[in-house]
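In order, the protein sequences belong to chains G and L.
The numbering of the first sequence is this note's numbering, which starts it at 802 and goes up by one.
The numbering of the second sequence is this note's numbering, which starts it at 802 and goes up by one.
Please note: incorrect hints may appear among the correct ones.
A pair counts as met if it fits within one copy or between any two copies, since identical chains are not told apart.
No more than 25 Å apart at the CA atoms, straight line, and that leaves these computed lysine-lysine pairs for BS3-like [claimed, not checked]:
no.	residue 1	residue 2
1	959	870
2	1142	1119
3	870	1180
4	1123	1022
Hints in this document: simulated from the structure, not taken from any laboratory.
The structure displayed is predicted, hence computed values, not measured ones.
There are 2 protein chains.
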Amino acid sequence: MASLRAVARLRHLAPRTHLQQRSYVAAAAVKQTQRSGEQPFFPNEPTGPIVQTAIPGPQSKKAIERLDKVFDTRSFNMIANYQKSYGNYIADPDGNVLLDVYAQIASIPVGYSNPSLHAAASSEQMISAMINRPALGSFPSEDWASILESGILRVAPKGLDQVFTAMAGSDANETAYKAAFMWRRQQDRGGPDVDFTADEISSSMINQAPGAPQLSILSFKTGFHGRLFGSLSTTRSKAIHKLDIPAFDWPQATFPLLKYPLEDHAEENHIAEEEALADVERLITTHPLPPCAVVVEPIQSEGGDNHASPSFFRGLRKLTKKHNVLLIVDEVQTGVGATGKFWAHDHWDLETPPDMVTFSKKAQTAGFYFGNPELRPNKPFRQFNTWMGDPARAILFRAIIDEIERLDLVANTARVGGYLFEGLEGLAKRFPGEILNLRGKGQGTFIAFDSPRRDEFVKKAKGVGVNIGGSGERAVRLRPMLIFQQHHADILLEAMEKILKS
Amino acid sequence: MASLRAVARLRHLAPRTHLQQRSYVAAAAVKQTQRSGEQPFFPNEPTGPIVQTAIPGPQSKKAIERLDKVFDTRSFNMIANYQKSYGNYIADPDGNVLLDVYAQIASIPVGYSNPSLHAAASSEQMISAMINRPALGSFPSEDWASILESGILRVAPKGLDQVFTAMAGSDANETAYKAAFMWRRQQDRGGPDVDFTADEISSSMINQAPGAPQLSILSFKTGFHGRLFGSLSTTRSKAIHKLDIPAFDWPQATFPLLKYPLEDHAEENHIAEEEALADVERLITTHPLPPCAVVVEPIQSEGGDNHASPSFFRGLRKLTKKHNVLLIVDEVQTGVGATGKFWAHDHWDLETPPDMVTFSKKAQTAGFYFGNPELRPNKPFRQFNTWMGDPARAILFRAIIDEIERLDLVANTARVGGYLFEGLEGLAKRFPGEILNLRGKGQGTFIAFDSPRRDEFVKKAKGVGVNIGGSGERAVRLRPMLIFQQHHADILLEAMEKILKS
Chain G
802 MASLRAVARL
812 RHLAPRTHLQ
822 QRSYVAAAAV
832 KQTQRSGEQP
842 FFPNEPTGPI
852 VQTAIPGPQS
862 KKAIERLDKV
872 FDTRSFNMIA
882 NYQKSYGNYI
892 ADPDGNVLLD
902 VYAQIASIPV
912 GYSNPSLHAA
922 ASSEQMISAM
932 INRPALGSFP
942 SEDWASILES
952 GILRVAPKGL
962 DQVFTAMAGS
972 DANETAYKAA
982 FMWRRQQDRG
992 GPDVDFTADE
1002 ISSSMINQAP
1012 GAPQLSILSF
1022 KTGFHGRLFG
1032 SLSTTRSKAI
1042 HKLDIPAFDW
1052 PQATFPLLKY
1062 PLEDHAEENH
1072 IAEEEALADV
1082 ERLITTHPLP
1092 PCAVVVEPIQ
1102 SEGGDNHASP
1112 SFFRGLRKLT
1122 KKHNVLLIVD
1132 EVQTGVGATG
1142 KFWAHDHWDL
1152 ETPPDMVTFS
1162 KKAQTAGFYF
1172 GNPELRPNKP
1182 FRQFNTWMGD
1192 PARAILFRAI
1202 IDEIERLDLV
1212 ANTARVGGYL
1222 FEGLEGLAKR
1232 FPGEILNLRG
1242 KGQGTFIAFD
1252 SPRRDEFVKK
1262 AKGVGVNIGG
1272 SGERAVRLRP
1282 MLIFQQHHAD
1292 ILLEAMEKIL
1302 KS
Chain L
802 MASLRAVARL
812 RHLAPRTHLQ
822 QRSYVAAAAV
832 KQTQRSGEQP
842 FFPNEPTGPI
852 VQTAIPGPQS
862 KKAIERLDKV
872 FDTRSFNMIA
882 NYQKSYGNYI
892 ADPDGNVLLD
902 VYAQIASIPV
912 GYSNPSLHAA
922 ASSEQMISAM
932 INRPALGSFP
942 SEDWASILES
952 GILRVAPKGL
962 DQVFTAMAGS
972 DANETAYKAA
982 FMWRRQQDRG
992 GPDVDFTADE
1002 ISSSMINQAP
1012 GAPQLSILSF
1022 KTGFHGRLFG
1032 SLSTTRSKAI
1042 HKLDIPAFDW
1052 PQATFPLLKY
1062 PLEDHAEENH
1072 IAEEEALADV
1082 ERLITTHPLP
1092 PCAVVVEPIQ
1102 SEGGDNHASP
1112 SFFRGLRKLT
1122 KKHNVLLIVD
1132 EVQTGVGATG
1142 KFWAHDHWDL
1152 ETPPDMVTFS
1162 KKAQTAGFYF
1172 GNPELRPNKP
1182 FRQFNTWMGD
1192 PARAILFRAI
1202 IDEIERLDLV
1212 ANTARVGGYL
1222 FEGLEGLAKR
1232 FPGEILNLRG
1242 KGQGTFIAFD
1252 SPRRDEFVKK
1262 AKGVGVNIGG
1272 SGERAVRLRP
1282 MLIFQQHHAD
1292 ILLEAMEKIL
1302 KS
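Isolated chain G, as found in the complex:
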């Protein structure tokens, strides 16, 4: 943990150029490696944070002022200089360099300015994909199959061998919902060969049943699935996301609120999960807009990092199968390695796979996986749009997958997550009442805890060189990148100790 001391020293120095800092921290990196016995994935990565100004500093303030005239800046957290950001470290225009365990709301997979991604982004295949963007559903490129097979589909969840590509998490979920509605109506109609009735056709054009059916998607309380009209109708995390926006009258089920530590509350938690499942069954069987799918996050992320046990999810799979309702697993935030498995639902040991799994964020592209051919609508152009995703981003995801394999990063998050969790348990003991409901054990680095002073905690973190995020009402959520190593965990733990002591 020499690095924070190094930072302290740096603060007393006159501002240096970035290159000077880089060579300074590179020298420190050698020591770091020797002490922990761990090889850094990126030898040129800074070895520790550098805090030179209050954040936002003067340059950042200028950038915000300029932007505010044309862009809503009120949600800004900090201004970044990405060309100077590297590995786990985010740089700002004022020379500050923070250890980033928020990672663009959990969406940077393998580090800033990753050299392997840089090579992929400089390739002629990528440049052509950028400047010749196809309408994928009409004019796909000759190499689209190979881009899918060697990328997106190489990491497809077990049992799911097809993909519908999209642009971001919201439309990934909405297109999955559309697939679910079409599947259910096709069943009602008597199969793919039964044609639409004239009444269905004409009523659909005026947004009325039977063409626009009175069906629903069931989601869970405190769940988050996006912010467009359909996805927002399933989002239940915070009122600020939903206020003033018309919504479908779709049902929400109770999500089990587990008590921690888990080992002291096994019986209560089991009951909470059984009650939640009973609520799901009640809504499936009695809601006036019958649900044709249940959508669920493996770990409710925006809603406050709420976990449930593998047994709960196995129960949900059984229940949905029993009632012929689809199970959509929203892995937009949990997917792509951070939980110590590539997909968080790999932890569940399901007997049959989910019907659809949506992805985005760390994949840097989006869409949904599925296995059942009946989830392809019976006619073309029913599930369609101009771009239907982005080959450039699909090529980038392939490079991300390559990098995850090269550095064995899923094993890394499992290992480092365990180390970090232990360290946090230690801190929780030393600062009683400050780190509550520590959760995410065995879930890689997908760790969170509640803080009685959450907003203050998150704000103070920048002063000690860490960019950290919250979720829900009082959770601090850790969302480091997959390249977060033991020595980064040490820096994070030391920084947290400083905050807790202050």
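Please arrange chain L on chain G, whose structure you already have, making use of the hints.
For chain L alone, kept in the frame of chain G given last:
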């Protein structure tokens, strides 16, 4: 028109390598230029189509077969090789090279493999944007203001100086709708400083009024605004897009169906437009879900290339002002130069600008422009998502704008569009009954006509070397790129003549 004869000759030759073809057509290009007196924008562009196989040819069929296992291929039009596509010409894996007047459903602005875009896509700024994708609402890059100002905002419609960035046309429209709902509810509430009531907060979480308000967006019959749940509720073009998808019970107004030629139907058309405006006013004042915005395309594109007069749109602007309803102009397909103005609504000579203008497609990025600060929600995080657009695509749009200015492409579409329209009028006279309701005069290259054998016409076009698209039930829509020149128009007209003769 030497090029089609050249093609005819080429068909009798053994297949050549791409480079051989390129040098062959380059030689022809010289002749072409000399004859028309027009300098080609891209000297290396093929001078004419090359049709070597039926389309799809054997290589394309192989690619489709491979893709079909993992991706829905039923909507495929043709397989492309974009690295071999250049300028106005799209290449396929079988050595066919077609003049492309469909352009990825109107979304390629300045030609395939455009050298200026290639340079922009190879820049370090672009590569950093690709591999360090920010959560724009939280951690924008230091250069985001300059990227916006020198790109997206440089071409902002008159009176609109702010932007909300998005990913594609659907979410551009949906975020504009969200802005409209929040704006209206804020007015109802008594201004930005009046806080939400406890009832609004709690009801919003269960998708009920008053938190989820009983309000609507008014759209027009045969309009198209996207395929997600909110945007699809305003889309009225074809049942196949809407069937089986739940929709909001929002109103649709009559769109004036003009008769052609316009000069022979002035009185009827005027009445049709007045009736449509009366229908809008009736729905605004009486619909049970009061509309807080009207969304309209300058030219209804997917719905069949339906035009209305500038006077209709001026009337719509007046009507919406009168009833305190927002006017959202959906320029997803019409925007960025193809109509002979940068924005199609520039043709209308409005007294006050639209409240919001949405864009996507040829911008290669998406979002909505606005001018009224009240369209920024009163609190942060109300209009928000992780990525909120894509800086890489915003950088590309800037390069597109630079290229449009460098080659004066808006003037080009106005000029070439006029030439093409005259040529089509000539064909329509020579083949009575085959080219009906020719429309788009004075609208650049945004030209369409009805065909009694539309699907056959579009299919046959490939055989004579042209990739062309349809819209609505029977329209052939021309959507050439902005770099479409007079000699391309000649090739298109000659190809159409061949189809009509056959």
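Here is what the structure says about each hint:
1. 959 - 870: Answer is between; shortest inter-copy Cα gap is 16 Å, intra-copy 48 Å.
2. 1142 - 1119: Within one copy only: 22 Å inside a chain, 58 Å across chains, cut-off 25 Å.
3. 870 - 1180: between (47 Å within a copy, 16 Å between copies)
4. 1123 - 1022: For residue 1123 and residue 1022, the Cα distance is within 25 Å only inside one copy (22 Å; across copies 41 Å).
Checked against the numbered hints above, the structure breaks none of them.
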